[in-house]
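Protein chains in written order, with the UniProt record's numbering: chain A, 1 to 317; chain B, 1 to 504; chain C, 1 to 162.
Keep in mind the hints are simulated off the structure, nothing from the lab. Backbone N, C-alpha and C define an ideal beta-carbon position, used for all residues, glycine too. Check before you lean on any hint, since a few could be wrong.
[As the list claims (entries may be wrong)] Away from chain B, derived, C-beta distances all over 12 Å, residues of chain A:
hint : residue
1    : 88
2    : 236
3    : 243
4    : 261
5    : 291
6    : 309
[What the hints assert, rightly or not] Some chain B residues flagged as far from chain A (calculated, every beta-carbon gap over 12 Å):
hint : residue
7    : 4
8    : 25
9    : 101
10   : 371
11   : 385
12   : 394
13   : 466
14   : 480
15   : 497
[What the hints assert, rightly or not] FRET-style restraints, in silico, Cβ to Cβ:
hint : chain 1 : residue 1 : chain 2 : residue 2 : range
16   : B       : 491       : C       : 52        : 17 to 27 Å
17   : B       : 468       : C       : 101       : 53 to 63 Å
18   : B       : 294       : C       : 60        : 18 to 28 Å
19   : C       : 89        : A       : 133       : 55 to 65 Å
20   : C       : 92        : A       : 149       : 56 to 66 Å
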Amino acid sequence: MSVKKMFSFGAIALIASTCAGAALAQSNFPEGTVTIIVPYSAGGGTDNFVRALEAPLEEAFGTDVAVRNIAGGGGAVGLTQTLAAKPDGYTVTIPNNAFYTLIGMGNVQFAIDDFDYIARIVTEPYVLTLSPKSGHSDLASLVAASQEKPVTLGFAGVGSSSHILTLAIAEALGAQVKFVPYAGGSEATAAALGGHIDGVVLSPSDVVSAIEGDGSLVPVATTSKTSLLPDVPTFADEGFEVTTDQWRGIAAPAGVPAEVITAWEEALKRAVRDEGFQTAAKNLGVEFAPLYGAELQEFVKTGEEVLLPLTREVAGR
Amino acid sequence: MDNILEALTLVADLRVLLGICTGTFLGLVMGALPGLTAAMAIALLIPLTFGMGPVLGVGMLLGAFCGAIAGGAVPAILLNIPGTPSSVTTTLDGFPMARNGEAGKALGISITSSFIGGVIGALLLIALSLPIARFALEFGPAEFFALGVFGLVIIASVSSGSMLRGLVAGLLGLFLATVGSDPMTGALRFTGGEPALITGIGLLPALIGLFAVSQVLQDVYSRTGRRAAEAVTQSFDRARPPFGLIARAWRVVASSTIIGVIVGAIPGAGGSISSFISYDQARRMSRTPEKFGTGAPEGLIASESSNNATAGGALIPMLTLGVPGEVATAVLMGGLTIQGVRPGPALFDQQASLVYAIFLAFILANCAMFLIQLFGIRLFVRILGVPTRVMMPLILMFCVIGVYGVNGSVFELWLMLGFGVLGFFLNRYGFGTAPVILGLILGALTESNLRRGMTVFDGDWTAFLLRPISATLLLLAVLFLSAILWQNHKFRQNDKKAEEASQR
Amino acid sequence: MRLLSGRIVFDLALLAGAAWGLWQSQSLPPGYGGGDIGPGDFPRAVLVLGVIALLAVLRQDVSAALRRAPDVDTPPHLQGTFAALLISALLIAYVLLLEPLGFLAATGAFLFFGILACSRFLDPPDSVAAWRRTLLGAALVATVATGLSFFVFTYGFGLIFP
Numbered sequence: 001m002s003v004k005k006m007f008s009f010g011a012i013a014l015i016a017s018t019c020a021g022a023a024l025a026q027s028n029f030p031e032g033t034v035t036i037i038v039p040y041s042a043g044g045g046t047d048n049f050v051r052a053l054e055a056p057l058e059e060a061f062g063t064d065v066a067v068r069n070i071a072g073g074g075g076a077v078g079l080t081q082t083l084a085a086k087p088d089g090y091t092v093t094i095p096n097n098a099f100y101t102l103i104g105m106g107n108v109q110f111a112i113d114d115f116d117y118i119a120r121i122v123t124e125p126y127v128l129t130l131s132p133k134s135g136h137s138d139l140a141s142l143v144a145a146s147q148e149k150p151v152t153l154g155f156a157g158v159g160s161s162s163h164i165l166t167l168a169i170a171e172a173l174g175a176q177v178k179f180v181p182y183a184g185g186s187e188a189t190a191a192a193l194g195g196h197i198d199g200v201v202l203s204p205s206d207v208v209s210a211i212e213g214d215g216s217l218v219p220v221a222t223t224s225k226t227s228l229l230p231d232v233p234t235f236a237d238e239g240f241e242v243t244t245d246q247w248r249g250i251a252a253p254a255g256v257p258a259e260v261i262t263a264w265e266e267a268l269k270r271a272v273r274d275e276g277f278q279t280a281a282k283n284l285g286v287e288f289a290p291l292y293g294a295e296l297q298e299f300v301k302t303g304e305e306v307l308l309p310l311t312r313e314v315a316g317r
Numbered sequence: 001m002d003n004i005l006e007a008l009t010l011v012a013d014l015r016v017l018l019g020i021c022t023g024t025f026l027g028l029v030m031g032a033l034p035g036l037t038a039a040m041a042i043a044l045l046i047p048l049t050f051g052m053g054p055v056l057g058v059g060m061l062l063g064a065f066c067g068a069i070a071g072g073a074v075p076a077i078l079l080n081i082p083g084t085p086s087s088v089t090t091t092l093d094g095f096p097m098a099r100n101g102e103a104g105k106a107l108g109i110s111i112t113s114s115f116i117g118g119v120i121g122a123l124l125l126i127a128l129s130l131p132i133a134r135f136a137l138e139f140g141p142a143e144f145f146a147l148g149v150f151g152l153v154i155i156a157s158v159s160s161g162s163m164l165r166g167l168v169a170g171l172l173g174l175f176l177a178t179v180g181s182d183p184m185t186g187a188l189r190f191t192g193g194e195p196a197l198i199t200g201i202g203l204l205p206a207l208i209g210l211f212a213v214s215q216v217l218q219d220v221y222s223r224t225g226r227r228a229a230e231a232v233t234q235s236f237d238r239a240r241p242p243f244g245l246i247a248r249a250w251r252v253v254a255s256s257t258i259i260g261v262i263v264g265a266i267p268g269a270g271g272s273i274s275s276f277i278s279y280d281q282a283r284r285m286s287r288t289p290e291k292f293g294t295g296a297p298e299g300l301i302a303s304e305s306s307n308n309a310t311a312g313g314a315l316i317p318m319l320t321l322g323v324p325g326e327v328a329t330a331v332l333m334g335g336l337t338i339q340g341v342r343p344g345p346a347l348f349d350q351q352a353s354l355v356y357a358i359f360l361a362f363i364l365a366n367c368a369m370f371l372i373q374l375f376g377i378r379l380f381v382r383i384l385g386v387p388t389r390v391m392m393p394l395i396l397m398f399c400v401i402g403v404y405g406v407n408g409s410v411f412e413l414w415l416m417l418g419f420g421v422l423g424f425f426l427n428r429y430g431f432g433t434a435p436v437i438l439g440l441i442l443g444a445l446t447e448s449n450l451r452r453g454m455t456v457f458d459g460d461w462t463a464f465l466l467r468p469i470s471a472t473l474l475l476l477a478v479l480f481l482s483a484i485l486w487q488n489h490k491f492r493q494n495d496k497k498a499e500e501a502s503q504r
Numbered sequence: 001m002r003l004l005s006g007r008i009v010f011d012l013a014l015l016a017g018a019a020w021g022l023w024q025s026q027s028l029p030p031g032y033g034g035g036d037i038g039p040g041d042f043p044r045a046v047l048v049l050g051v052i053a054l055l056a057v058l059r060q061d062v063s064a065a066l067r068r069a070p071d072v073d074t075p076p077h078l079q080g081t082f083a084a085l086l087i088s089a090l091l092i093a094y095v096l097l098l099e100p101l102g103f104l105a106a107t108g109a110f111l112f113f114g115i116l117a118c119s120r121f122l123d124p125p126d127s128v129a130a131w132r133r134t135l136l137g138a139a140l141v142a143t144v145a146t147g148l149s150f151f152v153f154t155y156g157f158g159l160i161f162p
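One chain only, chain A, in its complex shape (with noise of 0.2 Å):
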């Protein structure tokens, strides 16, 4: 990586020097580095994802591909400065749910229009999962008993997509819930393992791990289906209607020429088939649902137009 990383610098330099504002650069995209910019920290899920991409996206593409972290704001500052970058394909960054929350909380000035989505390459669903204390193992009792008092919900952070689906999950149900953030997924694990609230809405990955062993949590529903936990039947299996999942994929700042989109799909489709990118993927427990063209941009007006309802409503409490 890095000697060819200096041979590209050079390269760039040795084109823009020659043929100044190319229209050949387009045609064979890319030239140059590639960034994926990665709008959290190191070390989360998304972050893993990225870095399981990158090499197999490096091989695709014959160029460096550099992950920059540029963490704050639950992904705010990242997506505002990927925006800020030229849409000329170079510049690009994850999407997933958080695009729909962020605008729905009203905490970013962006719209879903300002980016051109080019792949959505996994899912991930979300899963109720219930506290070993709760007294409850199945989505029917769990109802009944909150007709009479409040059941508590946990999810991690208020305004992510877990809690609009933790919302979502308690209309669909008609059940009465009090809903309670947490920081991260763990701690609402843990407050669940230790029956403080008597349910979560996570990431099956945020909980497989707790599901197994004495007095441990009782998986109810998914929002479809993982191979993370097999036997627990979706929310669609047992008559309600909440089907929202989890994605990552890739998109830029809108206004990508379309041979460039064509070369970033091309890539994907080829770096997605190296086997250590789908180990990971299993590892990580995300489900491989590639993506592309008019079935993206179906799947992306979908969940803005599921998400972005009702994450005003709970922006607007």
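Based on the hints, put chains B and C in the right spot on chain A.
For chains B and C alone, coordinates are given in the frame of chain A:
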């Protein structure tokens, strides 16, 4: 038994041993640099472990974890700049010792206490992880709130001079902790429209600004125009590990490691409180509490043995419950997951030998940390030989790299600068900077758990007083506070008497 | 005039900050749900305590200043203030230029001028030859330290700098 033997063969591989040493060394370097914490050290090493086997990768990450926590003590002692949040209390007595020409001795004490704390922490992790994990789970909103209140009493111990001024600094920290999105409703507080502040004021820019930048400004200010005649000769004769001294302070070691392990094991308490609590406890046990803050070895022992014991404690809920104890272990767990190792109760059943290998690697990492640092002491002390005029800009450069490198945010650099200027004046006018950090750490814990508790308990505040753990902690807080006020009162009376006697 | 010591000005600045916080906290939405502790309540309580403690500190400082207590500050010395201001200015320039100029150029320049400034104030060279040596030394240290730290952090730790 078979499992232990199998674990031995897993770890007793030259590559694994080398991996542990490399990880520890890198961790030490990162811990010593302001800005790069244990969590960051692990996160930065994770991509390196992608291609390695689980034992090798885990060993390297555990080494980095141990090393980074211990490494924070070196700049804390030599330069009054804590490398990580948990070494703030190390500066309180370590730096005065170094200024008295006892840098070698201070480093020796800190390294040995780190080692002892780390190993005892590891042994407690192996022997008592289940009961400790059960106890840790008892912590709900009421208990966390009580822990926060208990912690606030410590402000009195870490105030450099006047307790009133320390209180002001602590309240400043508490206030700064409320900046950002409200933990319960998401309403933005005091952000002034800055997106970087939505998640609040980062601990790192505050720490580096208040300690490192302000220290540089202070040095430049006070040394200018005055020939640096005070070049202290450092005595090296005590650079051997002072086991005897530490053995005599066994009560401090015992209380600090226990506090370290338990606080480390409580998910969400945040490991950096443990060194504050241990320091406070050691001061309370001491016959000469007035020496704390002026170079008391016990203070140094308490701080360092507890923050390395915290590492062992933080591994407890991760391995027994599948829930990481604090940020660094959360990142570590992510790293293990990528390796295909999913920490949690099932791991004990399915891959017991791997769990024992993790234990072994953790103990070995502590040994590596001890040996590397022991050989390094003379080298570390050399840092003091670098001329101030070169040192000052270099420190500032490392501060900028540390803050910018982690989150890539220029705003955090401005924050660091602002805290630097604030810290300069706080120190100059006797308010101190350690209480600000304590307030910043405890603020979120106290407020969010108070409000979370009010939600969970349906607005019934008596629940905070009726639960056994929270009641005990609150009672202790009240007791300690009255003891401090009583002592203060007595001191003042004695002062008055002395003054009257001298005037006669 | 005696009352205008840095100490008292700083106390007043902290008080002003607390007042700003109190004013800001008034506009925060009220709480809802159990217990009704709203977003503004905790900071408000902290700030009120802070104002009380600060007033007590201010009282101490004013009376100490009036008594002309000998143990109050060492008088501020101009040269030191100038040196601290210059270092701060250099640091501000460094932060401003970090992204536009890139890590290498900004860091190199900062170290070079930083070492020169610190040499001038902390350990002034006494001859032209000594100045020349200092200049060379600063350039050397700046280059080596910049290069080394860039190398270690980029390739060793995988951090990305502009």
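Now for the hints, and whether the structure bears them out:
1. For residue 88 of chain A, the non-interface assignment is confirmed: its Cβ lies about 20 Å from the closest Cβ of chain B, beyond the 12 Å cut-off.
2. With a least CB separation of 27 Å from chain B, residue 236 of chain A remains clear of the 12 Å interface cut-off, as annotated.
3. With a least CB separation of 25 Å from chain B, residue 243 of chain A remains clear of the 12 Å interface cut-off, as annotated.
4. Every beta carbon of chain B lies more than 12 Å from that of residue 261 of chain A, the smallest distance being close to 26 Å; the non-interface claim holds.
5. Distance to chain B confirms residue 291 of chain A as a non-interface residue, since its nearest Cβ pair spans about 24 Å, more than 12 Å.
6. In this structure residue 309 of chain A is separated from chain B by more than 12 Å, as the shortest Cβ-Cβ distance comes to about 16 Å.
7. Under the 12 Å C-beta cut-off, the non-interface status given to residue 4 of chain B relative to chain A holds; the minimum distance is some 21 Å.
8. In this structure residue 25 of chain B is separated from chain A by more than 12 Å, as the shortest Cβ-Cβ distance comes to about 20 Å.
9. With a cut of 12 Å on Cβ distances, residue 101 of chain B stays outside the contact zone with chain A, its closest approach being about 40 Å.
10. Taking the minimum C-beta to C-beta distance to chain A, about 28 Å, the non-interface status of residue 371 of chain B holds against the 12 Å cut.
11. No Cβ of chain A approaches the Cβ of residue 385 of chain B within 12 Å, the least distance being about 33 Å, so the stated non-interface status holds.
12. The claim that residue 394 of chain B is not at the interface with chain A holds, since no C-beta of that chain comes within 12 Å of its own (minimum 24 Å).
13. Taking the minimum C-beta to C-beta distance to chain A, about 15 Å, the non-interface status of residue 466 of chain B holds against the 12 Å cut.
14. Distance to chain A confirms residue 480 of chain B as a non-interface residue, since its nearest Cβ pair spans about 26 Å, more than 12 Å.
15. Once the 12 Å rule is applied to beta carbons, residue 497 of chain B is consistent with being away from chain A; the minimum gap is 50 Å.
16. Remark: the range hint 17 to 27 Å for residue 491 of chain B to residue 52 of chain C is upheld by a beta-carbon distance near 22 Å.
17. The supplied range of 53 to 63 Å is met by residue 468 of chain B and residue 101 of chain C, whose beta-carbon atoms lie about 59 Å from each other.
18. Checking the proposed 18 to 28 Å range against residue 294 of chain B and residue 60 of chain C shows it holds: the Cβ atoms sit about 23 Å from each other.
19. The hinted range of 55 to 65 Å is satisfied by residue 89 of chain C and residue 133 of chain A, whose Cβ atoms lie roughly 59 Å apart.
20. The hint said 56 to 66 Å for the Cβ distance between residue 92 of chain C and residue 149 of chain A, and at roughly 57 Å that hint holds.
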